[in-house]
Amino acid sequence: MPENTVPSADNALLSETVSLRKIGRLERILGPENYRLLKGLLRTPASILGFSLIGLFILIALLAPVLAPPLNPNDPYKIPRDGFSAEPRPMFSEWRRNAPPLPFWWKTVFHSDQWLHILGTSQGQYDVYYGIIWGTRTAFKTGLIVVFSTFLIGVIIGSISAYYGGIVDNVIMRIVDVMLTLPFILAALIMAAVLTPRIGRSLLPSLIALITFGWMGYARIIRGDILSIKERDYVLAARVIGVKDSRILFRHILPNAIFPTLVLASLAIGDVVLSFAALSFLGIGTDIGYADWGQVLSFARNWITSLDRYWYIVIWPGLTLVLFVMGWNLVGDAFRDVLDPRMRGKI
Amino acid sequence: MITYIIRRLLLVPFLLFGVTVLIFAMLQLLTPIERASLYTRDLPKNDKALEGFIKIYGLDRPLYEQYWRWLVGVRDPQTGERRGGILFGDFGWSRTGSQPVAQLIAQRFPNTVDLTLWAVAPVILVGIWLGVQAAVHHNGWIDQAGRIFSIIGTSFPTFVFGLLVLMAFYAKLGWFPPGRVSDWANAVINSPSFHPYTRLLTIDALLNGRLDVFLDALRHMFLPILTLSYINWATFLRVTRSSMLETLRQEYVTTARAKGLPERDVIYKHARPNAMIPVVTLAGFSVVGLLGGVVITETVFNYPGIGSAAAAAASQLDVVTTLGFALFNGFILIVANLVVDVLYAYIDPRVRLS
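Protein sequence lines correspond, in order, to chains R and F. First residue of the first sequence: 1, per this note's numbering; consecutive thereafter. First residue of the second sequence: 1, per this note's numbering; consecutive thereafter.
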């Protein structure tokens, strides 16, 4: 823009042409607001690091059978044990018995036919490396299931609450209040403990527990968003031309209210995996020897006095969990920055 | 202000009712026989007597009847003694603790209070200080370091951090052991000459003039406090920082600067008090959270508070005990939240006027 010389009318025209810039297909599909979000997300170094970490873990989860071939392909989540002695064995010690098949890359990398415990074994000779690799699949599985279910329940209940309003809204929101009274991890712990004798030790008790006490936040957010969007002009316009209420809710309000919450929810995978690992760590949920990170870490609880010698039973699974959660948090942070109205126009 | 407090007080019975219903609902997932330990320590062995027992205590009755019995208890037909009844503080028999649940709670709760007492200052004050520094040096190296620190802090699971500090400070260096006190201190505490005035160990040790016991207890609490601080600092840093940045943008701050006040006065006398309003809420909730027992931290460090007791009972599937803890926890949280809300309204007039 040439400085000073342009009269104000032209100025307006110029800014008009600026908004007529080329709009790509992606932007057209997503709409300008969501496109701006996406673009902002891919800009900051922190979020790029976050995305790379998440990508790395997706890769590990996908390649699990190649990285650590299971002993029994029908039951890959069972960590193979090399004997039964309690004491952990150091990194790169030999696999004496019960060794799973060698991965094809093993010979080229290590020049031997002998499976090693790359990251050592934990209490009870569970292979740490195997637990971490297959634990990645467990993490994604639990994260996706819990996030999807809590989000769905939250959206349904939040919409009902906002849509009907009045006494329904009041009752639902008070139920939400009560369910939020107990600390999340304690409530989930109890729920899982109640369910375990009923449905047996598996992923299910913890999953159900995390879902039961996890939807309230989404319900609140969606309810608030719907209430504010309800007042917008286009909703009024739809109402004026006589569109049915349910259609207004599902076709006009929800699609506009849902996107930021959806992204926030998917970024909550990190937190969900953390809570799940915490429950496993406390000894709730899966069978002993199931490949999940909290379980692998919980083996360390009996070796606290000698953790300086057996550091590998804490450091590796711990680092894995931290990096996983950090990946989601980094992206989540960037997302919140982009979403902040004060940042609008800066990205 | 009065109307606000009254309105807030009216919420309490409702929340109490809600929490009891929630916990009662979870109890209903148990079989009648499992629920029996709400009322007795030893179940009759043979089937016939067992059936009679279930009849007497109404464990197969409709839900509202069971709920009522759960609240007020049942009179034993032979002795006429009241059994159960959470309103009278009887939460049933703890299978894993081999004592009444209420007694177990009474034993463990002072330890949790003790930990809270010593954790509050480092958690809150240092957290706020970090946040103010980050905001004042906005985008400087302190701010950047704070950012990285808070990302790592929020990503670090409590139990991983706990295990790491145990590895360094206990296994390697032997400075700070887990648990409550050393064996010799335990002997002192259990000796008849040691009076449990407050049942808070550190305070009692001081009141009894046993500085060595006091220091020993603090030494055992050091790692849990460190863990709680680290985990909470990240949150405090963020909230304080953003609130402080927001405040520093206000016009009255510019005015203060324009009339030539030293920067230190502008920040600490004009900006900081107003920036503290959201932080006070957070601080309130943190204290409440600490009081409710920090399940994972207490478990990692083997600290005998109510959080670790609840976790231990849950991992052995002793549901009656766990639910007893949850109930107690719910009561505490409701009362403490009430206090926080009222204090908050006292500090910030906008709350009570809305």
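What the hints contain is simulated information worked out from the structure, not anything from laboratory work. Any given hint could turn out to be false.
Stated by the list, open to error - Covered stretches of chain R, as calculated for chain F (at least 3 residues, CB under 8 Å):
#, region
1, 178–187
2, 194–205
3, 211–218
4, 298–309
5, 326–336
Said to hold, decoys possible - Sample of chain F residues lacking proximity to chain R, with all beta carbon distances greater than 12 Å (derived):
#, residue
6, F14
7, N46
8, K48
9, G85
10, L163
11, K172
12, H195
13, I203
14, L215
15, S229
16, R238
17, L261
18, A310
19, D318
20, L327
21, N337
These numbers were taken from a predicted model, which means no experiment stands behind them. Backbone N, C-alpha and C define an ideal beta-carbon position, used for all residues, glycine too.
Violated constraints from the hint list, given by number and in increasing order
Of the numbered hints given earlier, those the structure breaks are 3, 6, 10, 11, 16, 18, 19, 20, 21, listed in rising order.
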